[in-house]
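**Student:** Now for the letters of each chain:
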Amino acid sequence: MPAPPTNAAGRPILYAGRFAPEVEKTGVPEGWTVLDDREVLPARLAAVERASDLVVLDPLSFPFENLTGALRDVPLILVLPEGLDADFLAAVFGGPVFGRLDFFDRLATSDAAVLEDLRRRYRLAGGQLVRLGGTEPGEAAGEIAALLRAEAGGVDPAADGAGPGVRRARRGDYDAKAAHRAQRAALEPQFAAAHGGRAEDVPFRVLEVGAGEGRRAGSFDPARAEYHGLDEDEGAVLAARAEWPEAAFGHLGADLLFPHKDETFDLVYAAGLLGRHPDPEKRRLFSEMWRVARPGGRLLFLEDFVATAEGAKSGSRPEHVLPVLSFVELLLVATDWQVVMEHVESLRYPDEVMTRGGVIAASRLGVPRRW
Amino acid sequence: MPEDDFYVPTDLDALRMENELLAFEVRFLRSRLGWTGRSAVSSASLSRLAHLEEAERDLVLLIGRLARSPLGPVLRASGNFRTLEGRYLHSPESQDPTSPNRVAYLEGAEKDLVLLLRRLGRGPLGRVFRSRGNFRTLEQRYL
Chain A
1 MPAPPTNAAG RPILYAGRFA PEVEKTGVPE GWTVLDDREV LPARLAAVER
51 ASDLVVLDPL SFPFENLTGA LRDVPLILVL PEGLDADFLA AVFGGPVFGR
101 LDFFDRLATS DAAVLEDLRR RYRLAGGQLV RLGGTEPGEA AGEIAALLRA
151 EAGGVDPAAD GAGPGVRRAR RGDYDAKAAH RAQRAALEPQ FAAAHGGRAE
201 DVPFRVLEVG AGEGRRAGSF DPARAEYHGL DEDEGAVLAA RAEWPEAAFG
251 HLGADLLFPH KDETFDLVYA AGLLGRHPDP EKRRLFSEMW RVARPGGRLL
301 FLEDFVATAE GAKSGSRPEH VLPVLSFVEL LLVATDWQVV MEHVESLRYP
351 DEVMTRGGVI AASRLGVPRR W
Chain B
1 MPEDDFYVPT DLDALRMENE LLAFEVRFLR SRLGWTGRSA VSSASLSRLA
51 HLEEAERDLV LLIGRLARSP LGPVLRASGN FRTLEGRYLH SPESQDPTSP
101 NRVAYLEGAE KDLVLLLRRL GRGPLGRVFR SRGNFRTLEQ RYL
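Note that the protein sequences, when read in sequence, are chains A and B.
Quick note on my numbering: the first sequence kicks off at 1 and runs consecutively.
Quick note on my numbering: the second sequence kicks off at 1 and runs consecutively.
Be a bit skeptical, because a hint or two may be false.
Calculated Cβ distances over 12 angstroms to all of chain B for the following chain A residues [said to hold, decoys possible]:
| # | residue |
| --- | --- |
| 1 | W32 |
| 2 | D255 |
| 3 | F305 |
| 4 | V333 |
| 5 | P350 |
So the derived label-pair ranges between C-beta atoms look like this [stated by the list, open to error]:
| # | chain 1 | residue 1 | chain 2 | residue 2 | range |
| --- | --- | --- | --- | --- | --- |
| 6 | A | E22 | B | L29 | 52 to 58 angstroms |
| 7 | A | V367 | B | R76 | 53 to 59 angstroms |
| 8 | A | L257 | B | R30 | 37 to 43 angstroms |
| 9 | A | G315 | B | R48 | 45 to 51 angstroms |
| 10 | A | G10 | B | L29 | 34 to 40 angstroms |
| 11 | A | L365 | B | N19 | 28 to 34 angstroms |
| 12 | B | R30 | A | R149 | 50 to 56 angstroms |
| 13 | A | P259 | B | Q140 | 58 to 64 angstroms |
| 14 | B | L29 | A | D87 | 55 to 61 angstroms |
| 15 | B | R30 | A | G10 | 42 to 48 angstroms |
| 16 | A | D85 | B | L15 | 45 to 51 angstroms |
| 17 | B | R30 | A | E329 | 16 to 22 angstroms |
| 18 | A | R348 | B | R30 | 17 to 23 angstroms |
Hints listed in this document are in silico derivations from the structure and should not be mistaken for laboratory results.
In this text, a Cβ means the ideal position worked out from N, Cα and C, and glycines have one as well.
Full structure from sequences and hints, please.
**Tutor:** Structure representation (structure tokens):
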């Protein structure tokens with residue numbers, strides 16, 4: 001059997017599976033690599049590595065268990081089989097497939113009810129849902145090709161349920177998904193630690209500062225946690241509201257003062273935010289984060305502590321990146337030493353030489369002013 | 001570098017920052033492990049532990065010198081002094097820093113040192129002892 005035709009780095013791959021002849025007939029989108037159901041043996045899946053998107057047109061024959069390691073960093077678009085309800089799809093794909101979908105992965109089908117049902121079950125963002133017009137595999141491939149072309153051309157189709165002009169988080173981005181997965185792996189144990197053994201009926205309030213389009217909101221179950229996001233970019237706030245209608249996103253003004261009362265949140269965290277601000281603004285942010293955290297609550301930071309070109313690409317500004325000791329010192333001074341260090345962990349992003357990132361968790365000291 | 005240009009770290013700076021990050025992580029993990037290990041034995045802080053160990057060393061030195069001095073046979077006539085000799089010069093427990101009762105042993109040594117210094121200072125030979133600089137230092141440190 002010949003190997004898949006090419007390494008598709010930076011370009012989409014379409015797994016047509018049993019529908020390959022049909023897709024060939026309707027025409028393969030230009031620049032795409034098409035795989036049929038004989039070309040997804042584990043050894044041959046290497047062709048998928050670093051592709052911009054993996055479109056799975058025939059999920060019932062795709063070996064999801066072989067998507068491991070770097071292959072999991074390829075943004076996935078899963079075209080659901082038509083004519084099946086959400087219960088059946090959940091029973092077939094369930095946790096191993098739907099439960100592992102990331103903010104950068106998408107589900108596509110013509111059935112809006114199925115999309116909505118799966119969104120609620122698996123905490124999916126609005127932008128992860130792609131509503132198709134046609135029900136035939138060939139039509140679906142064409143629609144997704146048009147969608148990806150539009151996104152690559154800088155056109156932002158309105159997010160599902162969002163008004164026109166609301167921008168949508170960019171999803172076909174291998175590097176962004178890889179970095180996001182690495183960050184999730186470092187943050188989620190800290191989220192769990194902050195939640196601790198809290199009883200189910202005790203609300204767990206979370207504030208993310210610099211939430212962007214809300215890519216980390218999916219880490220919190222709305223039934224167990226009350227998630228709030230703040231961002232300085234109004235466009236990002238609108239996009240986040242479109243992605244997560246049930247979460248509360250607000251705009252953070254230039255004064256960097258949070259619109260929340262003192263001692264409101266059990267967990268206040270920022271990921272990749274402080275490295276964009278000069279020290280006086282960092283100090284203000286630390287102080288505000290401390291103010292809105294309840295005594296005993298957790299402050300969590302995922303930041304770059306090494307200035308690198310890769311970090312600059314992801315948004316941090318080299319001149320504002322602080323070495324870890326200076327960062328911790330500033331945190332202690334800004335909070336009047338009213339924090340105790342809970343966790344320190346370095347973070348090396350995939351495919352990078354240097355360890356630039358790190359997670360720092362601290363608990364707020366003090367006695368609650370209100371009960 | 002022009003004044004209006006932002007400072008951009010060089011590779012060497014990046015290496016230094018990375019080294020600092022990794023060293024800080026190791027330091028944090030070490031202190032956490034160390035804290036957990038010690039907390040199982042006692043709630044004594046590190047500085048208190050250091051003070052107790054110093055007191056034990058001083059007591060061992062003091063008893064050794066007294067025992068070897070011309071006054072040794074006289075002092076050994078006292079049962080209390082023989083007990084101290086047995087406890088701090090001849091007991092294997094005093095040599096074992098990993099013993100789980102280490103902190104309790106050290107706290108006992110500090111009490112014994114204070115008692116011994118008081119008795120020596122109050123006795124008929126108090127003036128003689130106090131004429132020695134080392135004895136005065138011990139009195140200042142522990143009484």
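**Student:** Determine which of the earlier numbered hints do not hold for this structure and return their numbers in increasing order.
**Tutor:** 3, 14 and 16
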